[in-house]
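Participant: Read off the chains here:
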Amino acid sequence: MESSELKRSKDSVNSCESARRSSFPDEVLERVLSLLKSHRDRSSVSLVCKDWYNAERWSRTHVFIGNCYSVSPEIVARRFPRIRSVTLKGKPRFSDFNLVPENWGADIHAWLVVFAAEYPFLEELRLKRMAISDESLEFLAVSFPNFKALSLLSCDGFSTNGLAAIATHCKNLTELDIQENGIDDIGGSWLSCFPESFTTLEVLNFANLTSDINFDALEKLVGRCKSMRVLKLNRSVSLEQLQRLLVNAPQLAELGTGLFSQELTIREYEELESALSNCKNMHTLSGLWDATGIYLPALYLACTHLTFLNLSYAALQSVELAKLLAHCPQLKRLWVLDTVEDKGLEAVGLNCPLLEELRVFPADPFDDEIVHGVTEAGFVAVSFGCPRLHYVLYFCRQMTNAAVATIVQNCPDFTHFRLCIMNPGQPDYLTNEPMDEAFGAVVRTCTKLQRLSVSGLLTDLTFEYIGRYAKNLETLSVAFAGRSDWGMQCVLGGCPKLRKLEIRDCPFGNAALLSGLEKYESMRSLWMSACNVTMNGCRLLAREMPWLNVEVMKEDGSDDSQADKVYVYRSIAGPRRDAPPSVLTL
Amino acid sequence: MEKSSDDTNTENSGLRLKDTELRLGLPGSESPEREDHDQNVLSLKSFVSGAKRGFSDALDGGGKWVFSGGSGGGSEGLFSPRRGGNNNGGNDLSGSDSGLGGPVLKDGVAPKPLVVQEKKSQVAAGNGNTAPASKAQVVGWPPIRSFRKNTMASHPPKNDNDDDNAEAKFGSGCLYVKVSMDGAPYLRKVDLKIYGGYKELSSALEKMFSCFTIGQCGSHGVSSRDVLSESRLIDLLHGSEYVLTYEDKDGDWMLVGDVPWEMFTNCCKRLRIMKSTEAIGLAPRAMEKSKTRT
Numbered sequence: 001m002e003s004s005e006l007k008r009s010k011d012s013v014n015s016c017e018s019a020r021r022s023s024f025p026d027e028v029l030e031r032v033l034s035l036l037k038s039h040r041d042r043s044s045v046s047l048v049c050k051d052w053y054n055a056e057r058w059s060r061t062h063v064f065i066g067n068c069y070s071v072s073p074e075i076v077a078r079r080f081p082r083i084r085s086v087t088l089k090g091k092p093r094f095s096d097f098n099l100v101p102e103n104w105g106a107d108i109h110a111w112l113v114v115f116a117a118e119y120p121f122l123e124e125l126r127l128k129r130m131a132i133s134d135e136s137l138e139f140l141a142v143s144f145p146n147f148k149a150l151s152l153l154s155c156d157g158f159s160t161n162g163l164a165a166i167a168t169h170c171k172n173l174t175e176l177d178i179q180e181n182g183i184d185d186i187g188g189s190w191l192s193c194f195p196e197s198f199t200t201l202e203v204l205n206f207a208n209l210t211s212d213i214n215f216d217a218l219e220k221l222v223g224r225c226k227s228m229r230v231l232k233l234n235r236s237v238s239l240e241q242l243q244r245l246l247v248n249a250p251q252l253a254e255l256g257t258g259l260f261s262q263e264l265t266i267r268e269y270e271e272l273e274s275a276l277s278n279c280k281n282m283h284t285l286s287g288l289w290d291a292t293g294i295y296l297p298a299l300y301l302a303c304t305h306l307t308f309l310n311l312s313y314a315a316l317q318s319v320e321l322a323k324l325l326a327h328c329p330q331l332k333r334l335w336v337l338d339t340v341e342d343k344g345l346e347a348v349g350l351n352c353p354l355l356e357e358l359r360v361f362p363a364d365p366f367d368d369e370i371v372h373g374v375t376e377a378g379f380v381a382v383s384f385g386c387p388r389l390h391y392v393l394y395f396c397r398q399m400t401n402a403a404v405a406t407i408v409q410n411c412p413d414f415t416h417f418r419l420c421i422m423n424p425g426q427p428d429y430l431t432n433e434p435m436d437e438a439f440g441a442v443v444r445t446c447t448k449l450q451r452l453s454v455s456g457l458l459t460d461l462t463f464e465y466i467g468r469y470a471k472n473l474e475t476l477s478v479a480f481a482g483r484s485d486w487g488m489q490c491v492l493g494g495c496p497k498l499r500k501l502e503i504r505d506c507p508f509g510n511a512a513l514l515s516g517l518e519k520y521e522s523m524r525s526l527w528m529s530a531c532n533v534t535m536n537g538c539r540l541l542a543r544e545m546p547w548l549n550v551e552v553m554k555e556d557g558s559d560d561s562q563a564d565k566v567y568v569y570r571s572i573a574g575p576r577r578d579a580p581p582s583v584l585t586l
Numbered sequence: 001m002e003k004s005s006d007d008t009n010t011e012n013s014g015l016r017l018k019d020t021e022l023r024l025g026l027p028g029s030e031s032p033e034r035e036d037h038d039q040n041v042l043s044l045k046s047f048v049s050g051a052k053r054g055f056s057d058a059l060d061g062g063g064k065w066v067f068s069g070g071s072g073g074g075s076e077g078l079f080s081p082r083r084g085g086n087n088n089g090g091n092d093l094s095g096s097d098s099g100l101g102g103p104v105l106k107d108g109v110a111p112k113p114l115v116v117q118e119k120k121s122q123v124a125a126g127n128g129n130t131a132p133a134s135k136a137q138v139v140g141w142p143p144i145r146s147f148r149k150n151t152m153a154s155h156p157p158k159n160d161n162d163d164d165n166a167e168a169k170f171g172s173g174c175l176y177v178k179v180s181m182d183g184a185p186y187l188r189k190v191d192l193k194i195y196g197g198y199k200e201l202s203s204a205l206e207k208m209f210s211c212f213t214i215g216q217c218g219s220h221g222v223s224s225r226d227v228l229s230e231s232r233l234i235d236l237l238h239g240s241e242y243v244l245t246y247e248d249k250d251g252d253w254m255l256v257g258d259v260p261w262e263m264f265t266n267c268c269k270r271l272r273i274m275k276s277t278e279a280i281g282l283a284p285r286a287m288e289k290s291k292t293r294t
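Residue numbers (this note's numbering), protein chains in the order written: chain A, 1 to 586; chain B, 1 to 294.
Extracted from the complex, chain A is given alone in its bound form (with noise of 0.2 Å):
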């Protein structure tokens, strides 16, 4: 060994030069990397040294891409040979809220065509808000022969036709996970066309399609599947139907019910709750359409071990919950419609000792003239029962600067804190004041936070907390917030991890835009609407800045100065090519 080379002290590739004739081969290298899951992990990995990288590359099987135009698919390609899983996401977040206009761009399409090309192995495809029509899912249930694993959560552009495609084409699939999207509900036959001799499917979740489909065909295709883990089904199951499935699939391990109301006789009644009580590895339970007193027992003896409960299309009242949070101790995840009330958070906080993530959606979100929902009471009573709360989404009417100060001392373990005040601008409505403290509290106290939402009346102050306080915060949301430029800027000034900052309606302009110049590059985006940004600005900001694409959506009849929605990201792939008439790159 030349050990006096070694102890030489060197850059790091001189010294991984030796390292690599002391006789550490690449395969092993690649060996050892390849069991590195963590993209961060494996970022920083790529970074040590060009052998380093090159093992990690050849290593790698999936990727994930966080903002499918910061590259292009043949970038992509180049770098990493031999990809099996793609994970891509398109519009900014703000599109899930119609803030976008409906041609913006994130089409899957250029990306297939370049997979079947480069990646013709490809197993696993997961998609968040991008665009996909018919053609693009026929085209990959044709190219992949290996195709095992489709989830589609908040994209749009296609319809149970391109469904039929996958089922019809596939013949290894394991996972077709249709969550939340603007689905062409078209019908429900795409599922008769998984062929009899189909039998790999494990996740299966169709729950938020509204068509009828062939319950013979899904009795038999679950029946013959008998690795299914994961079935959700959607309204048009009914709970006799669910039944028949379930006495057939009793490894189920996720379970989402179709309607949860129907005319039972005490037989039928039996049957159900004894087939629900079987599934004895049912961690995860969901859809409970329209449920009520009246059926919900037939759970309680399968809540034994369950740890996500997703009640959120169920518009539970308190003493229901109640009732079913009793059979549910290992509960860790739960979301509600806030039709339980404070009442019915009590609950949780007496039941639920393990809870780690509450979320409460608003049943009525834009009726302000019934009183109901939850309050700031509601949610610190789960703070007092929950210590290891860490992540909470909760809609409220009503707030106060001490309430949320007592939650974050009975939980200062927050990762995620997303607070939304219903109605823009509200102050405390005990005090009047605004709710900085509130938020000051937040970030003061809960050292690990990563993802903050603000809502209510606030003003500088609560920018100036966040960026002096909060030194593990990635993204930021706000709303109708903010008195000055001093506030954004305080935040582009101090949060240090900050990857992803989307703003609507808050009078911060072209100062507060200009600030983050250099922090632009370390971030995935930047989302303005509706603030005081104009056209200069960014076309300022874009020409500092080569890295950046600065987009401009313009709406109809605005001022010409005014840049009205901005987004702002880095890329090595240079402006793109593809945005409609509406936007405009600068």
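No lab work stands behind these hints, which were simulated from the structure alone. By construction, the Cβ of each residue, glycine as well, lies at the ideal position given by its N, Cα and C atoms. Any given hint could turn out to be false.
[Stated by the list, open to error] Partial chain B-side listing against chain A, Cβ under 10 Å, derived:
| # | residue |
| --- | --- |
| 1 | Pro142 |
| 2 | Pro143 |
| 3 | His155 |
[Said to hold, decoys possible] In silico lysine-lysine, DSSO-like type, Cα no more than 30 Å apart, as pairs:
| # | chain 1 | residue 1 | chain 2 | residue 2 |
| --- | --- | --- | --- | --- |
| 4 | B | Lys178 | B | Lys199 |
| 5 | A | Lys37 | A | Lys497 |
| 6 | B | Lys269 | B | Lys207 |
| 7 | B | Lys178 | A | Lys343 |
| 8 | B | Lys149 | A | Lys323 |
| 9 | B | Lys189 | A | Lys343 |
| 10 | A | Lys220 | B | Lys207 |
| 11 | A | Lys332 | B | Lys149 |
| 12 | B | Lys149 | A | Lys554 |
| 13 | A | Lys519 | A | Lys500 |
| 14 | A | Lys323 | B | Lys178 |
| 15 | B | Lys207 | A | Lys323 |
| 16 | B | Lys149 | A | Lys500 |
| 17 | B | Lys189 | A | Lys323 |
| 18 | A | Lys343 | B | Lys149 |
| 19 | B | Lys275 | B | Lys249 |
| 20 | A | Lys280 | A | Lys220 |
| 21 | A | Lys471 | A | Lys332 |
[Claimed, not checked] Where chain B lies over chain A, by a calculated footprint (3+ residues, C-beta under 8 Å):
| # | stretch |
| --- | --- |
| 22 | 90-99 |
| 23 | 177-184 |
| 24 | 357-365 |
| 25 | 420-426 |
Given chain A's structure and the hints, the job is docking chain B onto it.
Facilitator: Chain B alone, transformed into the frame defined by chain A:
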């Protein structure tokens, strides 16, 4: 299915039935709808000229941009003034323009109301102590996925935690009535205000009660369930088996569809999906009634 109390307001101007109705409210406070009818134009104007600023102006000038929903659990009723209304607290927070606005304030900004929805919007800006008539719907707010929005709209959650004796809950933003169906184990509630006409109401009810109809129409194990389609339901509800009836203010049961939609929403107290065999004799009375009404 968005509520459109504003549209109802303007369409009602001929009938003026609301003027004669007993409404909840504090002495001296007018029914918000009537009040806003005139203020509408003003509110919209402030929006039109202010564009994005219009919204902040609402925060600045009008004081409380808040709703009765926030006033401590509703114990004060729908139309009570906001706690801490337009007092100093309000002024401190949203006082000067410079506080809220950034240095770049466009005066000649082209008209583009911030609040855009398929219908006109109302703003509580000038209303001070009274609750606003309806929420000005802001695009994409609250931040709920369209999918969830649409699902909740087409399948509104049941709401029977309130007084069973209250058959119709009045509020300027909603009109809940109970719907019962012969043979169904429990009631549902619908908000008549969210439907534009009889067709929408009817299809919503079909969807809501389809589960019961399925239970009724097939015996166990019959495949009729599998192929039950919307058209079949329509046949069931409008064909021979069931008819939709309503109880009006006078306590009489009438066939739904005989009177203009606005009149119907004003006088309907509850709905009942009745077996058609029991509905014989309703039709003539309904006709007579509508004659005397006009």
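Participant: Next step is simple, just say for each hint if it's right about the structure.
Facilitator: Each hint, compared with the structure:
1. Pro142: Cβ of Pro142 (chain B) sits 5 Å from chain A, so the hint holds.
2. Pro143: holds, 5 Å
3. His155: holds, 7 Å
4. B:Lys178 to B:Lys199: The given pair, whose Cα atoms are some 18 Å apart, holds under the 30 Å limit.
5. A:Lys37 to A:Lys497: Holds, at roughly 21 Å.
6. B:Lys269 to B:Lys207: Since the Cα atoms of Lys269 (chain B) and Lys207 (chain B) sit roughly 21 Å apart, the hinted pair holds (cutoff 30 Å).
7. B:Lys178 to A:Lys343: Answer holds: Lys178 (chain B) to Lys343 (chain A) is near 24 Å, not above 30 Å.
8. B:Lys149 to A:Lys323: holds, 28 Å
9. B:Lys189 to A:Lys343: Measuring from Cα to Cα gives roughly 22 Å; hence the hint holds.
10. A:Lys220 to B:Lys207: With Cα atoms ~27 Å apart, Lys220 (chain A) and Lys207 (chain B) stay inside 30 Å; holds.
11. A:Lys332 to B:Lys149: holds, 26 Å
12. B:Lys149 to A:Lys554: At roughly 26 Å apart (the allowed maximum being 30 Å), Lys554 (chain A) and Lys149 (chain B) satisfy the hint.
13. A:Lys519 to A:Lys500: Since the Cα atoms of Lys519 (chain A) and Lys500 (chain A) sit roughly 11 Å apart, the hinted pair holds (cutoff 30 Å).
14. A:Lys323 to B:Lys178: At roughly 26 Å apart (the allowed maximum being 30 Å), Lys178 (chain B) and Lys323 (chain A) satisfy the hint.
15. B:Lys207 to A:Lys323: holds, 28 Å
16. B:Lys149 to A:Lys500: With Cα atoms ~25 Å apart, Lys149 (chain B) and Lys500 (chain A) stay inside 30 Å; holds.
17. B:Lys189 to A:Lys323: holds, 24 Å
18. A:Lys343 to B:Lys149: OK: Lys343 (chain A) and Lys149 (chain B) at ~25 Å, within 30 Å.
19. B:Lys275 to B:Lys249: Judged against 30 Å, a Cα distance of about 22 Å means the pair holds.
20. A:Lys280 to A:Lys220: Cα-Cα ~22 Å, so holds.
21. A:Lys471 to A:Lys332: holds, 27 Å
22. 90-99: holds (count 5)
23. 177-184: holds (count 3)
24. 357-365: Since 5 is at least three, the answer is holds.
25. 420-426: holds (count 6)
The structure shown violates none of the earlier numbered hints.
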